[in-house]
Each structure stands twice: as structure tokens, then as C-alpha cells.
Amino acid sequence: MEDMIFYDRLQFAFTITFHYIFPQLTMGLSLMIVYFKWKFLRTKIEKYNNAAKFFMKIFAINFTMGVVTGIPMEFQFGTNWAKFSELTGSIIGQTLAMEGMFSFFLESSFLALFIFGEKLMGQKLHFLTGFLVFLGSWASGWFILATNAWMQNPVGYEILENGKFVLNNFSELFTNPWLLPAFLHNQMGSVVTSAFVMASIGAFYILRNKHSEYGRLFLKTGVVFGLVSSVLVAFPTGDWNAKNVAKYQPGTFAAMEGIFETEEAGAEIVLIGQPNMVDKKLDNKIAVPNILSFLTYQEWDKQIPGMDQFEEDELPDNVPALYYAYHIMVGLGTIFIGVMALALFFLWRKRLYNMKPLLWTIMFLVPFPYIANITGWYTAELGRQPYLVYGLLRTSDGISPTVSSGNTLFTLLGFVGLYMLLGLLFLVLVGKTINQGPISQKH
Amino acid sequence: MEIFWYIAIAVVLTVFFILDGYDFGAGIIHLFFAKEEKDKEVITKSAGLFWDSNEVWLVAAGGMLFMAFPTFYASVFSGFYLPLIIVLWLIIFRAIGLEFRGQFKYQMWKDIWDASFGVSSLLLALFFGIALGNIVRGVNLGSVENGVSAHEGHYFFLPLWDSSFSPLTDHPGVIDWFTIIIGLISVVTLAIHGANWVILKTNSSINNKLKSVIFKLNIALAMLTVFSLIVWQMVNPDSLDNFIQKPYLMIFPVIYLTGLIGLFFIKKIKKDSHAFVLSTLLIVGGITSSLASLFPVILPSVNDTHEHLSIYNTAAPEYGLSVALSWGIIGFILIFIYMIVQKRLMGGKIDNMDYGH
Numbered sequence: 001m002e003d004m005i006f007y008d009r010l011q012f013a014f015t016i017t018f019h020y021i022f023p024q025l026t027m028g029l030s031l032m033i034v035y036f037k038w039k040f041l042r043t044k045i046e047k048y049n050n051a052a053k054f055f056m057k058i059f060a061i062n063f064t065m066g067v068v069t070g071i072p073m074e075f076q077f078g079t080n081w082a083k084f085s086e087l088t089g090s091i092i093g094q095t096l097a098m099e100g101m102f103s104f105f106l107e108s109s110f111l112a113l114f115i116f117g118e119k120l121m122g123q124k125l126h127f128l129t130g131f132l133v134f135l136g137s138w139a140s141g142w143f144i145l146a147t148n149a150w151m152q153n154p155v156g157y158e159i160l161e162n163g164k165f166v167l168n169n170f171s172e173l174f175t176n177p178w179l180l181p182a183f184l185h186n187q188m189g190s191v192v193t194s195a196f197v198m199a200s201i202g203a204f205y206i207l208r209n210k211h212s213e214y215g216r217l218f219l220k221t222g223v224v225f226g227l228v229s230s231v232l233v234a235f236p237t238g239d240w241n242a243k244n245v246a247k248y249q250p251g252t253f254a255a256m257e258g259i260f261e262t263e264e265a266g267a268e269i270v271l272i273g274q275p276n277m278v279d280k281k282l283d284n285k286i287a288v289p290n291i292l293s294f295l296t297y298q299e300w301d302k303q304i305p306g307m308d309q310f311e312e313d314e315l316p317d318n319v320p321a322l323y324y325a326y327h328i329m330v331g332l333g334t335i336f337i338g339v340m341a342l343a344l345f346f347l348w349r350k351r352l353y354n355m356k357p358l359l360w361t362i363m364f365l366v367p368f369p370y371i372a373n374i375t376g377w378y379t380a381e382l383g384r385q386p387y388l389v390y391g392l393l394r395t396s397d398g399i400s401p402t403v404s405s406g407n408t409l410f411t412l413l414g415f416v417g418l419y420m421l422l423g424l425l426f427l428v429l430v431g432k433t434i435n436q437g438p439i440s441q442k443h
Numbered sequence: 444m445e446i447f448w449y450i451a452i453a454v455v456l457t458v459f460f461i462l463d464g465y466d467f468g469a470g471i472i473h474l475f476f477a478k479e480e481k482d483k484e485v486i487t488k489s490a491g492l493f494w495d496s497n498e499v500w501l502v503a504a505g506g507m508l509f510m511a512f513p514t515f516y517a518s519v520f521s522g523f524y525l526p527l528i529i530v531l532w533l534i535i536f537r538a539i540g541l542e543f544r545g546q547f548k549y550q551m552w553k554d555i556w557d558a559s560f561g562v563s564s565l566l567l568a569l570f571f572g573i574a575l576g577n578i579v580r581g582v583n584l585g586s587v588e589n590g591v592s593a594h595e596g597h598y599f600f601l602p603l604w605d606s607s608f609s610p611l612t613d614h615p616g617v618i619d620w621f622t623i624i625i626g627l628i629s630v631v632t633l634a635i636h637g638a639n640w641v642i643l644k645t646n647s648s649i650n651n652k653l654k655s656v657i658f659k660l661n662i663a664l665a666m667l668t669v670f671s672l673i674v675w676q677m678v679n680p681d682s683l684d685n686f687i688q689k690p691y692l693m694i695f696p697v698i699y700l701t702g703l704i705g706l707f708f709i710k711k712i713k714k715d716s717h718a719f720v721l722s723t724l725l726i727v728g729g730i731t732s733s734l735a736s737l738f739p740v741i742l743p744s745v746n747d748t749h750e751h752l753s754i755y756n757t758a759a760p761e762y763g764l765s766v767a768l769s770w771g772i773i774g775f776i777l778i779f780i781y782m783i784v785q786k787r788l789m790g791g792k793i794d795n796m797d798y799g800h
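So the protein lines, in turn, are chains P and A.
Going by the numbering used here, the letters in the first sequence line up with residues 1 to 443, in that order.
Going by the numbering used here, the letters in the second sequence line up with residues 444 to 800, in that order.
Be a bit skeptical, because a hint or two may be false.
[To be verified] In silico lysine-lysine, DSS-like type, Cα no more than 25 Å apart, as pairs:
#	chain 1	residue 1	chain 2	residue 2
1	P	LYS281	P	LYS247
2	A	LYS553	A	LYS481
3	P	LYS432	A	LYS483
4	P	LYS57	A	LYS483
5	P	LYS57	A	LYS548
Honestly, the hints are just simulated from the structure, not real lab data.
Next comes chain P alone, as it looks inside the complex (with noise of 0.2 Å):
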């Protein structure tokens, strides 16, 4: 029973990760695609519209990779996670039914009109398909974030004499408390990946010298996005959620701060120490005294409760991942938004395009936003822990009774090595792209 669930567990937690190193590059990638495309329509300046058009080729490749590896995801549901979907079926399956309809459909039609129409359609309604990609893409992260904020906050439901979970009301899963921070944080989030991703780029073009005019062009778009979106990242849409999670999940909360013991008054904030389990301490502490008191209640004396205050069963399983994930995510995210603020200044100086440190150091970040964009989920679904649906639906009561874990293992080795093929050509195919540049008469 136990290593089903790990196995379970590992296959979701290994799939989802790779699924999410596409989404999070196609949805912020769009929105910036969708700013070049406007810009070329302004200003008429076909270096716009070719950086429009090379992003999307990016994009193209992200969707595709998303697509293969995001079917898996909603097989896995019933595959693996049979009890659960049978219990909350109803009301998931909602969210999960209208991600389908409203913005798959949207998302691959356009796209494929946006790649092969642009001398059919004409400019204005070129522009109108990469904007209904966008659209297409955020509209999916939505539905996603509504189906997590519903496990994370469970809402609108009532449960019948058998356990299964029942809608009541449609419209509250939308309104739902922890939707909308969530979004707005996750969206962030991957903007922050896309400019990361296109200044890096631009970096790599400057350094190399080759097409040097796009490799301005996108570091300074990059800069920009991405300065922008590092600090909506942190505040207020961080804090927002962090609030979230002190209210709606107190255990998880004290456990993804590293809080073992309850403190008369204020709460300190960890910087860096390690969760020694058997102790039930933090070893090699550095804290600041009062400062998490202030970041959640803005009252410095406000006692937060410890994970002494909580029942051993009712705090997430693995407490040192989750906090590590936590801590790793807000340390890159401050990381970002120092260096982006340095990239900005010197922009501003004129002197951005000859500093070869910074351009090396912006070419190297680009693996950063992506674990920081994953550990922010890890934080997200670990916290959950020992749950599916907060407080009402333990992981352990919904996996398969029928799939023994020899199966399971049989699968997970299957997507490790299916995956690892899959990554590798991922990376020869955007290199390759990369290396062709934006002006590429190939076709």
C-alpha cells in the first residue's frame, strides 16, 4: 500500500514536472509575442514582426511538447488517481471539461492560422490570431489554477452519505478566495520565465555577435518583462498567496516557514537552516526576529502557531521538501529581481550591450525561473499534504484500488526514459532554431 502511493505520487509529480517546463515559456511567451505584434502594427517596423514571428516558432515547438505531455496529465487522473476521480469527479471534471472546450480549441486553431496566415489574413487580423493564442493559453493556466484552488480550498461542494463530492454551487468555484492570487501569481511567474528565456537570447546574440540588432531587441524586451513581472511576482501577488496559505492552510503554513515552535509574540522569518525532523528544530539558523509576523498580519507582535500546534497527521508528510521548495523559490525570485534591476540601470546608462559579465550572467540564468516557477508548485502541492482536497480527502484514499505498484513502476520507468528522449530532442530542435536566428530565408 505505502509504495503504491509513492509510486503514484512519483509518476504524477515526475510527469507534471516535465509537462510544466512547456506551459509556463508558452504562456508568458505569447503575451510578449502578442506585445511585438502590436508593435509592428504601431510603427510598421518589420523587425517587430519578424521577432513576433521567430517567438512563435519557439512557441510552436513549447506547444507541441505541452501537448503530448499534457495528455498523459489528464489520463493520469483516472489512471492513477481513479478513487479520487470517481469522488470529485463532478466538480473538477467541470474545470477541467471547460479548459478543453474554451481554450485548447482556441489555442491550437489559431495557432496553426497564426504560423501558416499571415499573407492570407493581413496584418490586422494576424495580430487578432496571436492574441486569441494568448487568450487561448491564460485562459487554460485559469482553469487549471480554478481545478487547484478548489484541491488547495475546496468550495461550492456538499458530501453525500457515500463520499463523493457533489457541486452545488457553479459560480463559487470562480470566486473562489484562492483563485484569483494563485493565477495572477502563477501567470507572473511565467512571464518571468518567457523574458528570461527571450533576454537570454539576446544575450547570447550580442555575445556571439550574430544577429546582433534582434539580440538588443530582445534584451532589452527581456529586461524589461522581466524587471516587470519579477516584482509583481513577489509583491503582491506572493504575499497575497502567502496570506492565503497562513489562513486557509495554518500547518502548512508554519511548516513551508520552517516554524517548529510557537513563539509568544512575532514570529522570526528564516533566511537559511535546515529541518532536522528528529529534533524538531532548524539546524545552522539565520532569522530575523518579528519580520513574518509583519510580512502576513503587518503587526509585529502577531503569534503565528508553530507546527507544535498541529496534530502529526494533519502537517504535510515531507516537511523539509516542502520547505526547501519555499525557500528556493523566494531566493531565486529575489535573485531576479536584483539582477534584472542592475540590467535595467545599466540599459538606462547605455552601457547594457558592452558589460560581458552581466550578458553572461543573464545568458546562464535561463534554467532559474524555471525551477523557480516548479518549486513554486512543489511548495503548492507538497503543502497540500496529506491531502487531495484540503482537510477532506487524503492522498492515500485516492489512488487506484486496482493498479498494483509493479504496474505503476512498470509506467513511471517508461515516462523516465520516453521523457529523457523527448528532452533531448526538445533541446536539439530549439538550439537548432536559436542558431537559424530570427531572419532565416530558409523557407
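Put chain A on the given structure of chain P with help from the hints.
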């Protein structure tokens, strides 16, 4: 309300098989009949331009099934665990075949992805037919062994095969001689459909040859159909009851027969789109006839301990289904609009269209 969602999902699934069916079929044709590089390229393109928007229909069907019949979704997806995951892997292999083939000019590179595209298309067509065969035949709900259930009555787990390979045992596997026959019907049907698609959308040099291929495949399909009807009776003796009680359901087998008979005149049909309509009728008729013969059951039980899964004992409650009706109608109208826009802009032959990003 259950009936509305049952029909809606059946429609979405059928559209999926019509649309993705032609690119599965194109893969099969590509595997067996495309010899020259130019033909291989253009056939890959005729699938590669469209597969991702076609597979959205599968995602939509999955989502709607999850919402409207959560118990059925949970039961079937966990019960057919292995074949479903294998289908997912094949979908991935097919997609990378289509997307990566054109990226490098080396012959060996192209050969690898051609094989990946062709073989996965063939196996997917086979597996989808086998899936339909399993639904018609039924499964050992509750995993009953000597009158004792191992699980709740709506759960089961099927191995890929049972050593007897017979659909008539108490605990059949996914693959047995009956489901293989349905799988073959699916392969042949989609190969015909794919050949029609290739003829319709490309100027490949094998277009003329493909017409006689369709003719021969159609003979095979007619024989397989007759044979399957006989064994169908052995596997599911109640399968004709619905048609006898509600004769208007005969429209579905008639649709299938129209397609089958019409395709014998493939060489005389002047407009390629008409031939494509005929193979579409095959798919529509085949799926709807199978569903109609089971209705309202959606997964029969092969034991007497547990009742069949039907649309009534697996559906979500009324409130959710009726809310979903209101957004569902809006959604369908929007999808219809996108399809018209896309058809207008991407209709016609695709030989000279840019592809490969």
C-alpha cells in the same frame, strides 16, 4: 440530462476518430505504400499540419467524460491501465516522428522518424479498435473469482492478455481473438480513410495507386465486417436487442453500409471529397452502431455478481450536468466557428504549404 452528455461525448469522440483517424490512416499508408522521398514528405505534411488540433478532440472527450461520468472514467482508466499508458507513449512517438522528421536532411534521420510515425499510427489504430472490442465484450467488473469480488463492483483490472486469448472466459484480457478482429477492422478502416485524405489533400505520385489500394482494403473490410458480426453474437448475445426494440437505430448500421458499399465504386467517384465522405461514414456508422447496440450500457459486466456500468449508474448528479449544459453549448458554438475559419483558410491541397517551423 445523462442522455444529452452521452450523445455529446459520443459526438466528440466520433469527431476525434474522423479527424485524428485520417492522420493515423495517413501514417499507415505512409508505412506501407510511400516509397519515394517526395511522397513521404508530403504525406507526413498532410498529417503534421493538423494532428495537434485533431488531438484536442481527444482531450476534450476525456475532460467531458471526467465531468459527466466520473465513475465510468475512474473505472475504465484504471482498469485499462497498461493499454492506456501504452497508447499515450505511442501518441508521443507519433508526434515526435511528425515534428522531427523534417529537421535534418540526413536520410537516416528521416527513416527513423518515418518509422516512428508509421508504426505508432498503425499500433494506435489497432489499439483503438481493441479498446472498442473490449467495451463491446465487457470486463470482469469487481474482479470476481469463484463468486468473490476483489474490489468494489465498478472497478476492475485487465491484464494485456489472458493465456487463453479467448473473449469467452470469466476473466478476459485486453487482447483476445475477438478484440484483435475489431482492431483489424479499425486498422483497415483508418487506412482507407487515410488514403482518401492523402488523395484529397496532396498531389502525391501514388494517388492513383491508392485508389486500387482502397478498393482492395474495402474487400477485406467487407469480409472482416461479416465475420465480426457473427462472432459479435457469440461475445455479446444481447447486441441485437436494441435494434429490434427500436428499429430507428438501424440508421447507424445503414450509415456504415452506405460507406462500405460506396467505396467499392472508388474508381468511378469523380470528386475526391466524396470518397472522403464515404470513409467518414464508415467511422461514424461503426462507432455509433457499436454504442447503439449497448445503450444505455457503456461497459458490460461478464459476471452475474455485478451489474453493467450504464450512463445512469456512473453519471454525475443533475445540478452539475445542467450547469455544464449551459457552458457546453457556448463551447460547441465557438468550436464550430473556429472550424469554419480554419477550413476556409487551410482548405485545398497542402503540397506547397510551409511546414517544419
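| query | So which hints don't hold here, by number, going up? | reply | none
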